[in-house]
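Here is what each chain is made of, one letter per residue.
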Amino acid sequence: MKRVSRHYSAWSLLRARLQGAGYWRPLWTGRALQPAYDVVVVGAGGHGLATAYHLAKDHGIKRVAVLEKRLVGYGNVGRNTTIVRSNYLLPENHYFYEDALRRYEGLGRELNYNIMYSPRGVVDLALSDDDFPVLARRGNALRLAGIDAELMDLPALEKFVPALGPRRSRRFTIAGALVQHRGGTVRHDAVAWGYARAATALGVDIIEDCEVTGLHTAGGSATAVQTSRGEVKAGAVVFATAGHTGLVGNMLGVPLPIETHLLQAMVTEPVKPLLDTVLVYVAPGHAESYISQSDRGGIVLGGHIDGFPSYTREGAWHRLEDVVQASVELLPQVGQLKLLRHWAGTNDMTMDGSPIIDRVKYDNVFLNAGWCYGGFKAIPASGAACARMVATGITPDLIRAYRLSRFATGHLLDEPGYGPYPVKL
Amino acid sequence: MSRSLIPALDCPFCGSRPLEEFLFRKTLPNAGEGHFEAVYLRVDSAEQSVEEWQHVGGCRAWLMVRRNPSTGEVLEVLL
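Residue numbers (the working numbering), protein chains in the order written: chain E, 1 to 425; chain S, 1 to 79.
If we strip away everything but chain S, and leave its shape as in the complex, we get (with noise of 0.2 Å):
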């Protein structure tokens, strides 16, 4: 299986877990300062993503996870 096909993520406590059990919420960091650009707007990369996610199906921590979204790697994960 290609890297890139990201079948699972590490969470800083649960170890590897299958992407399934993470939901992505949003890209960071926001498009300005108010509440309609961190609401609505995104700042797409194809290089780098840097996004908030959730491992609802686990410890529900929210995890920042740094990506390339070119090729599905996944650079790295934060608390």
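This is chain E alone, in the form it adopts within the complex (with noise of 0.2 Å):
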């Protein structure tokens, strides 16, 4: 087994420097697949990773396993436009969100790997005075949970983001804003390669190329998974493929309140620096937008799901031309620029826009699913809450309120507020 990376600091990057091209290890190692293991996490995206991770960390399970059909970090972790921010209207969402923003702000020294968290606000604009309103209310919300927001007026809102200036060509008025200061983005494959350097340097095995194909049960009990490599002994499952929870469904035989769709995102070449926040907004006409700049330069556009199932990871056009003609609408200087990339992510909808994290079916077969379009800034606190439950059989506060059978009893968390559909009707 090779040994596993180093401590990084100033001084090994000096060492680096002097020793040459040997110095750097690879970040998880590639240990065999062990016949048995304590719990077994599906899924080496953020959550499978930081489940893991918290499992060896907080809980002392040594024998923890990653099992991934294909990459490390290739699905939605990668695919995401990196922000995070936990200015929820719901007291459930936005104090299980808040969780992950504290998280994510030490998590670059907890992991000993520069996840390049850059607070640099999240600007949800007003684009009418009807806007507003509703605006203060979520901000309201915010204060009194104690998580910072700040109601602007358009004055002050266009020293904040001077590319919101007045421009003749902008076809509609902003009226002001709701800002999370503490709200930004954070390179998104870090996390992923950060939770998996730091989860192996805890013995968790990280086990690429390796597809779960089935279950294997015993009166009411998982004992085992199926594997495209055999059979791996599991103490506890957890399924943490968000994306593809729906066909996990199939395979537990369970029917799930999850459709799979389509979220598209999309960067411009790199230009100077115009935009140092994240703009958040709903153009007249248009569905959901958000435009960031990344940190090469490129602006970062997203917007709304496809709005039917698909696992594809091909984005449909009229969708990619609502975000482009929307962000064009908000800001008509980046419609000279070029798409340099595009692309699409699966991501499991729930019923009513929260997520899931629960047992399923068995009594140690736990599902970490639902995370509709707020996966990546949830993985903290996802990871830690769900490793607890995994570890004592407790679910935590912090995530009591994203139990499966919310559904059936009425308790449903309808963030968006799109009634039993993923899709605005």
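No lab work stands behind these hints, which were simulated from the structure alone.
No residue lacks a Cβ here, since even glycine has one placed at the ideal position from N, Cα and C.
Just to be clear, a hint being listed does not mean it is correct.
Claimed, not checked - In the DMTMM-like style, the derived pairs of lysine to aspartate or glutamate whose C-alpha atoms are separated by at most 25 Å in a straight line are:
#, chain 1, residue 1, chain 2, residue 2
1, E, 424, E, 92
2, S, 26, E, 415
3, E, 338, S, 20
4, E, 361, S, 37
5, E, 69, E, 314
6, E, 62, E, 363
7, E, 361, S, 33
8, E, 233, E, 209
9, E, 424, S, 21
10, E, 69, E, 38
11, E, 159, E, 276
12, S, 26, E, 321
13, E, 424, S, 20
14, S, 26, E, 288
15, E, 159, E, 148
16, E, 57, E, 358
17, E, 57, E, 189
18, E, 159, E, 329
19, E, 424, S, 37
20, E, 69, S, 47
21, E, 69, E, 358
22, S, 26, E, 314
23, E, 62, E, 231
24, E, 57, E, 99
25, S, 26, S, 47
26, E, 424, S, 52
27, E, 424, S, 10
28, E, 159, E, 130
29, S, 26, E, 414
30, E, 62, E, 211
31, E, 272, E, 189
32, E, 69, E, 209
33, E, 424, S, 51
34, E, 361, E, 397
35, E, 338, E, 288
36, S, 26, E, 322
37, E, 69, E, 189
Stated by the list, open to error - Each pair of labels, with its calculated beta carbon distance range:
#, chain 1, residue 1, chain 2, residue 2, range
38, S, 8, E, 21, 49 to 55 Å
39, S, 60, E, 159, 46 to 52 Å
40, S, 76, E, 155, 53 to 59 Å
Need the complex rebuilt from these two chains, each delivered in its own frame; the hints are there to steer you.
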């Protein structure tokens, strides 16, 4: 077995410079798949890796495996628009996402890996006077919960985001904004790599190219998972497969309140600094859109889901057009840019827009799923809470509202307000 | 353009129309007999999805669309 990656510091950078290319080591090593584990986590994305990391670190569970069908970080942890924030209206959501944001603030230090957390501010725009009270209500709810939120009128906003200064070619007026200053962006791949590296250092096995195809059970418990590399005994199984959880539901024989939709994102060619915040807005006649500028200079654009089930990871053209139109209507100055890359991820869309972290069907099978558009920003909180649930058997207060039975009992967390559909009708 | 982008659907009344005229409503069949199953639960499939759509931007007909969600291919559009 290769030795794990070294501790990173200014000192290690200096030593690497002197020692040359041989200094750096793989971030996670390729230990062979063992025949039995205490916990098998399915899916080496953000949530799976964070869950495995916290199982090993907080609960001392040493025999943990993360089985991944493809590669570490192949799925949505590498396909999102890197935005982190906790400015949700519903208490169950804003406390949970605030826990995630607080963990993100210290995550670079905790993992000893630079995740490039940039608290540049998330700006929710009000495009009419009618939007203002809605944002004020959300801001008040956040401030009552001890989460930072600032309501800005137009002069203050133009000072805070100079790119939103008056332009004749903008199609609509801007009234103001609700700003969360601690929100911002995090280097998404670094989160996956950092968790993978830290988990490996704690003895977690990360097995890539290993697809889970079935579950062996006996008397209401899972005993093993069937994989493309043979049977693996498991004391507990966690499915952290958001984007393909509907298919896990098929495998378990449990219909879930989840549809799988595509969410697109795109980035333009790099330009000089234009935008040092994240803009979120609903332009008239368009779905919700968000714009930020990456450290490399590309303008990152994202929008609403495509609106029908798909596993293709190829976005629909009309949605791309909608996102681009909305961005040009808000920031006419980006209209001349070329799109450099465009991609899509498969999203678990639940019927109330909130996630599911719960036991499912068997007493030792757990589901960490249904992340809708909020998966990336939830990773640190989801990993810690899910690990605690698996290790202790007790559901932490923070995720009690995310139980699967809420759909049957009517305790929905309908943050987007679309009713029992992932898309606004 | 790849066919998996499904830029259009064939409406039985209106012919081939751009996708944004149509609205996906839900997958079929229902996951069970009761109201809860019909409203909240979904039967997912990677190979074949039978779906209820409406041509909201056209004749407003309710359509049954059979698609392959893994390739994006539209197999059938029925009234």
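Right, here's what the structure says about each hint:
For the hint pairing residue 424(E) with residue 92(E), the CA-to-CA distance comes to about 22 Å; that is within 25 Å, so the pair holds. Straight-line distance between C-alpha atoms of residue 26(S) and residue 415(E) comes to about 20 Å, which keeps the hinted pair within the 25 Å bound. As the CA atoms of residue 338(E) and residue 20(S) are separated by approximately 24 Å, the hinted pair is consistent with the 25 Å bound. Note on residue 361(E) and residue 37(S): the hinted pairing holds, with a Cα-Cα distance of about 16 Å set against a maximum of 25 Å.
At most 25 Å may separate the alpha-carbon atoms for a hinted pair to count; residue 69(E) and residue 314(E) meet this at roughly 19 Å. Of the pairs offered as hints, the one joining residue 62(E) and residue 363(E) holds, with about 21 Å between alpha carbons and a cut-off of 25 Å not exceeded. In summary, the hint linking residue 361(E) to residue 33(S) is supported, as the alpha carbons are separated by about 20 Å, within the 25 Å threshold. For the suggested pair residue 233(E) and residue 209(E), the alpha carbons sit about 18 Å apart, so the restraint of at most 25 Å is met.
Of the supplied pair hints, the one linking residue 424(E) and residue 21(S) holds, its CA atoms being roughly 14 Å apart against a limit of 25 Å. Under the criterion of a C-alpha separation no larger than 25 Å, the hint pairing residue 69(E) with residue 38(E) is consistent with the structure, at around 20 Å. In summary, the hint linking residue 159(E) to residue 276(E) is supported, as the alpha carbons are separated by about 12 Å, within the 25 Å threshold. Between residue 26(S) and residue 321(E), the direct Cα distance comes to roughly 24 Å. Compliance with the 25 Å bound is thereby established for this hinted pair.
At most 25 Å may separate the alpha-carbon atoms for a hinted pair to count; residue 424(E) and residue 20(S) meet this at roughly 13 Å. Only pairs whose Cα atoms come within 25 Å are accepted, and residue 26(S) paired with residue 288(E) is accepted, the gap being roughly 21 Å. For the suggested pair residue 159(E) and residue 148(E), the alpha carbons sit about 19 Å apart, so the restraint of at most 25 Å is met. Note on residue 57(E) and residue 358(E): the hinted pairing holds, with a Cα-Cα distance of about 21 Å set against a maximum of 25 Å.
Under the criterion of a C-alpha separation no larger than 25 Å, the hint pairing residue 57(E) with residue 189(E) is consistent with the structure, at around 21 Å. Distance hint between residue 159(E) and residue 329(E) is fulfilled; the C-alpha atoms sit about 20 Å from each other, no more than 25 Å. In summary, the hint linking residue 424(E) to residue 37(S) is supported, as the alpha carbons are separated by about 20 Å, within the 25 Å threshold. For the suggested pair residue 69(E) and residue 47(S), the alpha carbons sit about 18 Å apart, so the restraint of at most 25 Å is met.
Of the supplied pair hints, the one linking residue 69(E) and residue 358(E) holds, its CA atoms being roughly 22 Å apart against a limit of 25 Å. With a CA separation close to 20 Å, the supplied pair residue 26(S) and residue 314(E) stays within the 25 Å bound. With a C-alpha separation of about 20 Å, the suggested pair residue 62(E) and residue 231(E) falls inside the 25 Å cut-off, and the hint holds. At most 25 Å may separate the alpha-carbon atoms for a hinted pair to count; residue 57(E) and residue 99(E) meet this at roughly 18 Å.
The hinted pair formed by residue 26(S) and residue 47(S) meets the criterion: a straight-line CA distance of about 16 Å does not exceed 25 Å. With a C-alpha separation of about 15 Å, the suggested pair residue 424(E) and residue 52(S) falls inside the 25 Å cut-off, and the hint holds. Between residue 424(E) and residue 10(S), the direct Cα distance comes to roughly 23 Å. Compliance with the 25 Å bound is thereby established for this hinted pair. In summary, the hint linking residue 159(E) to residue 130(E) is supported, as the alpha carbons are separated by about 22 Å, within the 25 Å threshold.
Distance check on the hinted pair: residue 26(S) and residue 414(E) sit about 18 Å apart at the alpha-carbon level, within 25 Å; holds. Distance hint between residue 62(E) and residue 211(E) is fulfilled; the C-alpha atoms sit about 22 Å from each other, no more than 25 Å. Under the criterion of a C-alpha separation no larger than 25 Å, the hint pairing residue 272(E) with residue 189(E) is consistent with the structure, at around 23 Å. For the suggested pair residue 69(E) and residue 209(E), the alpha carbons sit about 5 Å apart, so the restraint of at most 25 Å is met.
Of the supplied pair hints, the one linking residue 424(E) and residue 51(S) holds, its CA atoms being roughly 17 Å apart against a limit of 25 Å. With a C-alpha separation of about 21 Å, the suggested pair residue 361(E) and residue 397(E) falls inside the 25 Å cut-off, and the hint holds. Taking the CA atoms of residue 338(E) and residue 288(E), the gap is near 21 Å; set against the 25 Å cutoff, the hint holds. At most 25 Å may separate the alpha-carbon atoms for a hinted pair to count; residue 26(S) and residue 322(E) meet this at roughly 22 Å.
As the CA atoms of residue 69(E) and residue 189(E) are separated by approximately 18 Å, the hinted pair is consistent with the 25 Å bound. Look at residue 8(S) against residue 21(E): about 53 Å separates their beta carbons, and that is inside 49 to 55 Å. Evaluation of the 46 to 52 Å hint for residue 60(S) and residue 159(E) yields a pass: the beta carbon distance comes to about 48 Å. For residue 76(S) paired with residue 155(E), a C-beta distance near 57 Å keeps the hint of 53 to 59 Å intact.
In the structure shown, no violation is registered for any of the earlier numbered hints.
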